[in-house]
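With chain Y held as given, fit chain L onto it using these hints.
Chains as they are written, first to last, in our numbering: chain Y, 1 to 298; chain L, 1 to 488.
Keep in mind that the hints were calculated from the coordinates and are not lab data. Model, not experiment: these values are computed from the prediction.
Not everything, but these chain Y residues come out facing chain L in the computed CB check (under 8 Å):
1) P9
2) P10
3) V11
4) D12
5) A15
6) K29
7) N30
8) T31
9) A32
10) R225
11) Y253
12) E258
Keeping only pairs whose Cα atoms sit at most 16 Å apart, straight-line, the calculated EDC-like set for lysine to aspartate or glutamate is:
13) L:K234 <-> L:E261
14) L:K109 <-> L:D23
15) L:K40 <-> L:E207
16) L:K26 <-> L:E61
17) Y:K203 <-> Y:D53
18) Y:K57 <-> Y:D298
19) Y:K29 <-> L:E20
20) L:K457 <-> Y:E18
21) L:K87 <-> L:D146
22) Y:K159 <-> Y:D132
23) L:K336 <-> L:E20
24) Y:K164 <-> Y:D132
25) L:K38 <-> L:D213
26) Y:K29 <-> Y:E284
27) L:K322 <-> Y:E254
28) L:K40 <-> L:E61
29) Y:K6 <-> L:E278
30) Y:K6 <-> L:E433
31) L:K26 <-> L:E110
32) L:K147 <-> L:D89
33) L:K457 <-> Y:E17
34) L:K346 <-> L:E58
35) L:K327 <-> Y:E254
36) Y:K203 <-> Y:E50
37) L:K234 <-> L:D71
38) L:K327 <-> Y:E258
39) Y:K6 <-> L:D279
Glycine included, every Cβ here is placed at the ideal spot set by N, Cα and C.
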Amino acid sequence: MQWNPKHSPPVDQTAVEERVARLSSRSLKNTAKVQALRLALSMIDLTTLEGMDTSGKIQALCEKAMHPDPSLADLPSVAAVCVYPIHVRQAKTCLHESGVRVASVATAFPSGNSTLALKLQEVQFALEEGADEVDMVISRGEFLKGNFNAVYDEIAAVKALCGKHRLKVILETGELSTLGNVRKASDLAMAAGADFIKTSTGKLGKAANPVVSLVMLEAIADFYRLHGKRVGMKPAGGISSAKSALAYLVLVYETLGEAWLTPELFRFGASSLANDILLQLGKEERGVYYNKTYIPAD
Amino acid sequence: MGKENKSGENFSWSYAPAPESPDQIKLRHRYDLFIGGKFKKPSAKKYFSSINPATETELAEIARAGAKDVDQAVKAASTAYNKYWKKMDAAERGKYLFRMARMIQERSKELALIESIDGGKPIRESRDFDVPAAAAHFFYYAGWADKLEYAFPNRRAESLGVAAQIIPWNFPLLMAAWKIAPALATGNTVVLKPAESTTLSAMKLAEIIRDCDLPPGVVNIISGFGDTGEMLVKHPQVNKIAFTGSTEVGKQIQRLSAGTEKHLSLELGGKAAHLVFEDAAINQAVEGVVNGIFFNQGHVCCAGSRLLVQENVLEEFVTKLKARIEKLIVGDPLDKNTDIGAINNKAQLSKIVDYVQIGKGEGLEVYQSACRLPEKGYYFRPTLLLNAAQSNRVVQEEIFGPVLTVQSFRTIEEAIEKANNSAYGLSAGVWTEKGSRILNLAAKLKAGVVWANSYNKFDPASPFGGYKESGFGREGGLQGLLPYLNLS
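The following block holds chain Y by itself, in its conformation from the complex (with noise of 0.2 Å):
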């Protein structure tokens, strides 16, 4: 698909400030709150991506993802688990044939510094592995240095690798600078093929956040409207209460609208958001809240 950088709109912050503030005041109760709590439960991609994640790490993890918290009564299973190519093989057969899904960060994770020989070669081995989804980088440098067309080269070329399987492509907006620029890269990598845009790779201090989250949002929006495909969007990074996630599934909704709330179209990047959403849904099922030592670590 062609893609030219002047035909991204410009971004108003203030207004997009403004926006996300206005929208924060949403007020979910009662049944509607159980409901998207278990809807954002069902969207996690639960994550580990560390030097010390071990083979005991990622037991722990897909256990959990299978089954977040046997005390509470028919709970959806997380979305997927996502961690590095050399975990893949493992968490697959763990997950077996929960549904759970397997996502494999690539290319050079997290600084996507290498070359696209390399991060060809480490995509192809997830997928070999039996990675059902891939989440990739795009360099940041090349895009700052407006080699637009590098960038968009490298999604292409990952994309085709991928073939059927999902792509989630991570603009790191934390190092981007703007607006503007996550909108231009929304836009690159939209058109290079990305089935998700997803913002961060979780690994700096500025992780995903509403303002930038929007901003992706509205760019999913504009791509629909003018090419028909319905992208994904997949917030990561620094998302840990329930109640921040519920604000996400509001601009999803405000923004989108219903046919975005599945699983197959947003994902929340977490790893510790999980446990603060059992804790709120124990508390809606019993009417108090109750010890956290009852909810299942990991």
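Frame of chain Y, contents of chain L only:
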């Protein structure tokens, strides 16, 4: 790939109702006139009903002031002027204003609820805008009270005397603040007449004024209809008239005060244009235009009710605008999620209905949100009148409701000409990324306020007022002191 995970199917999003309980406030059965620091029954014992526009039920009975009451109120203000207020040290006057500001803050929840119940505006707006802005106005003018010689160096600033102030129903508390605060800060005393459909918050303000020990008669609040206002305007002991409302009534007041020495300031109607250029941040412009017209159900004199979009982005803009208004939540003003509440009163609702019919008759495409409206109450759907032209009545006349006309333009000259082609000139909105264009338009648009890439932004420090038939005199800022002073 494994089987699909089980949630997310048949998902239908809803915000469950989240209403504020009206039981948090206690309304009296009857509200009397506030004259000389006391609540007094009207001499003719006449009362009228205050209606909740969201339920069409009666909230309370309101006193209807007659000639005798108006005379008493003006005399009380005049006495208070000579006896206390004129002689009082300016810093002391300021202290009273500070006290009123703080008391408005302390009672903000109560005031917000009353404002929404009586006027139909969403609680989100009365809570986040009306009440805090009213308090801010008192705080701001409290600061000026003892600094008039710095505001007007080397000049002598003298108060005028008794100010008769008549305010509209769209922002009852805030307009009372806009009127009372500068009048008191400059040393005048006040007779305020709130609009007949929204008297309750003014009576609440009367309680605050009583509780803060303001000397009796410095502020008097008399309720009633247009005839009460007319008697007030005509009263010989009134030195200053400040009116906010329709242009039609503004003209009447100007006629009534002609040939007298009464000072006059008017803040009247508007038919503001939004100019959206092709290089604008379109998504944010859509949001801004939506807020510009649907804020307070469109009952805003500076509402951006005429949308002018550059032709090459018109289609995209209208598509987005339509999608956006489908998401507006119209309903119970007390629900925290409500974006658009009830139309303030029955007469206004039928006026809006008539105008949309007129638009239809003029051949315009009418697009309305498909939202479900409550069965009871005065509600109206967010409405777009598409393919409009300057020659349409709906483009020329103020509708004062949630109705936006949409036109296109090709060049900046055409945009300026159309924007200025109006009897009104209160405000305008410019949407473009180009700074030089903003500055150029700010100079060429004949409007008292020009907002750039934003709309309906208010600050007590910023003067507000109109060109042409939108009135004269400024409210807010240092300029807002002038209508209440004689400078020599």
